[in-house]
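Given the coordinates of chain A, work out where chain B should sit on it, guided by the hints.
From first to last, the protein sequence lines stand for chains A and B.
Count the first sequence with the numbering used here and you get residues 1 to 305, in order.
Count the second sequence with the numbering used here and you get residues 1 to 305, in order.
Think of the hints as simulated: they come from the structure by calculation, not from any bench.
All C-beta atoms in this analysis are idealised placements derived from N, C-alpha and C, irrespective of residue type, glycine included.
Just to be clear, a hint being listed does not mean it is correct.
[As the list claims (entries may be wrong)] Footprint (simulated), chain A over chain B, 3 or more residues, beta carbon under 8 Å:
1) 183 to 189
2) 252 to 261
[As the list claims (entries may be wrong)] Quick partial rundown of chain A residues pointing at chain B, CB under 10 Å, derived from the structure:
3) D106
4) A107
5) H108
6) I132
Protein chains: 2
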Amino acid sequence: MRVPPTIHITEVGPRDGLQMELRVLSTAEKLELIAGLASAGLREIQVAAFVHPEKVPAMADAEALIGALPLHDQMHYSALALNLQGVVRACRTAIPWIEISLSAHDAHSRRNAGLSTTDALAQSGPMLAMAIGAGRKVRASIQCAFGYETPEDVDIDAVAVAASRLVEKGADRLVLADTTGLAAPPTVRRMLAAVAPIAGSIPVGLHLHDTRGLGLANVMAALELGISHFDTSLGGLGGCPFIEGAAGNIATEDALYLFHRLGIATGIDISRVAALSRRLARVFNHPLPGKIYRLAATHLDFRPR
Amino acid sequence: MRVPPTIHITEVGPRDGLQMELRVLSTAEKLELIAGLASAGLREIQVAAFVHPEKVPAMADAEALIGALPLHDQMHYSALALNLQGVVRACRTAIPWIEISLSAHDAHSRRNAGLSTTDALAQSGPMLAMAIGAGRKVRASIQCAFGYETPEDVDIDAVAVAASRLVEKGADRLVLADTTGLAAPPTVRRMLAAVAPIAGSIPVGLHLHDTRGLGLANVMAALELGISHFDTSLGGLGGCPFIEGAAGNIATEDALYLFHRLGIATGIDISRVAALSRRLARVFNHPLPGKIYRLAATHLDFRPR
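Isolated chain A, as found in the complex (with noise of 0.2 Å):
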């Protein structure tokens, strides 16, 4: 198995993870849990969406946050916006890193960004446009890229389209996100196939949820093609607000396991990582998603092989 030699991950727990959680995590929680994740090594971390703060309450405090986070060039924090109103919050902060964010599937871009496919690909191209003028990178997403509601959903042609777009607008990374949960090898290597010719240069990263458990044989399927840039949440923390029960992203410290014995460095201490999901686990009060950090420190063991 060919597998990339260095991999990127862009931990979404604070995020996408957080947002799913009854219980709101406060600023100085959430920056506490933001340092602990810095100091295990990871260097890309979205901590925050700029989203109607009654809609999604764990993000209200967005702008707070981003003002009080060790801002340097070694770290690469991110925050999402869905439309132009939340590119504008973004901007008048110091995030160096802008995910603009559409739907390849009109029902579901209609029910979680209140826009038609159409329409919120027309507003992209504002959307990059105002945050490369503002001197931020932007990590452009296809959200249900794999589908909504099936995996007979998927339209590589729309996602072809979408990605096309938003390259051609400027986005530094290109993201395709599994947002139900219903990839699998199969439909990952149709979909990188179509797309990777369209990014080109530009690095195109996977953002999978473990809905249906095959979360890491999706990966699996991923890095034989060469992809190297992975989207994960501590713990598997989240959810998905349209799947009663469903799993979070692909839990950070399983992937690290499976990339170190995989031989892949990633320079993050994995047990620093599961150490932060068991103390996540207690504060919500239930257990995460993930497998690695139930178990003791003694039982992992991260020698490559």
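This is chain B only, laid out in the frame that chain A set:
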């Protein structure tokens, strides 16, 4: 990706899963569970272990359970034995398949079976002879084939020696067990490359635990090598007596979902397996490690892609 055209699943939940639960199911409850699994389409089910009833109270009713099973040629029921006394007990019942199991790792063998690996291997000859003499088919399994406490414990030569002996003595199937969940795709490949030539025409199966989240990634690696026999447990029920907090076997319905999405027909109804897992999660009053069973049936989609 080349995959085998068909898959043989051995459902081990009623043995490997139930033995880890504090609440012991009654024989009637077990029979209902096994009947449910059979009507979901599972044809190979491990139903009991002939082990010390005080050590494993959940398996104390092995004889009564097997006596009450609706045995017929279409169903390959099996029971586990770790020593000669176990095989003697099994042969007094009508169980058609006996699993004869030994460990590749000395410390684990002494802890789990009270025997050195040398003594366990010596004993496996008479165990196989007795089972075969009684007209039974034999699954011969090698525990800790992928390590015991760390992945460095893996001993390909020891596994190969055990595999040769078990094949020579007439095993109908070899099963490599990742008892403590230490397998990773590279070790799966290396181990199968060593064992497949020894097994020759005898099928080699994998018994994988999802302790560190790599269960289905390991399945992917094995499928690519043509392996088509897998042990799974409904809901991922189970754990490991040596690792607190460990997840159980790979979940039957999650593995089935992967196989269906890879276009491999299994003849097994995922929704019915998931419904049984949901019921068990209520009976045991804790979530099981699997993912699929948590979803409402409307979020399941099994059409192959």
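Comparing the hints with the structure gives:
1. Restraint check on the stretch 183 to 189 of chain B versus chain A: 5 residues with Cβ-Cβ distances below 8 Å, three needed, restraint holds.
2. With 4 residues having a beta carbon nearer than 8 Å to a beta carbon of chain A, the stretch 252 to 261 of chain B meets the requirement of three or more and the stated coverage holds.
3. Among the interface hints, the one on D106(A) is violated; its C-beta lies about 19 Å from the nearest C-beta in chain B, farther than the 10 Å criterion.
4. Proximity of A107(A) to chain B is violated relative to the hint, the smallest CB-CB distance being about 15 Å (cut-off 10 Å).
5. Below 10 Å, beta-carbon pairs count as interface contacts, and H108(A) has none with chain B, the closest being about 14 Å; its hint is therefore violated.
6. A least Cβ separation of about 37 Å between I132(A) and chain B goes past the 10 Å threshold, and the interface hint is therefore violated.
Hints 3, 4, 5, 6 from the list above are not met by this structure, while the remaining hints are.
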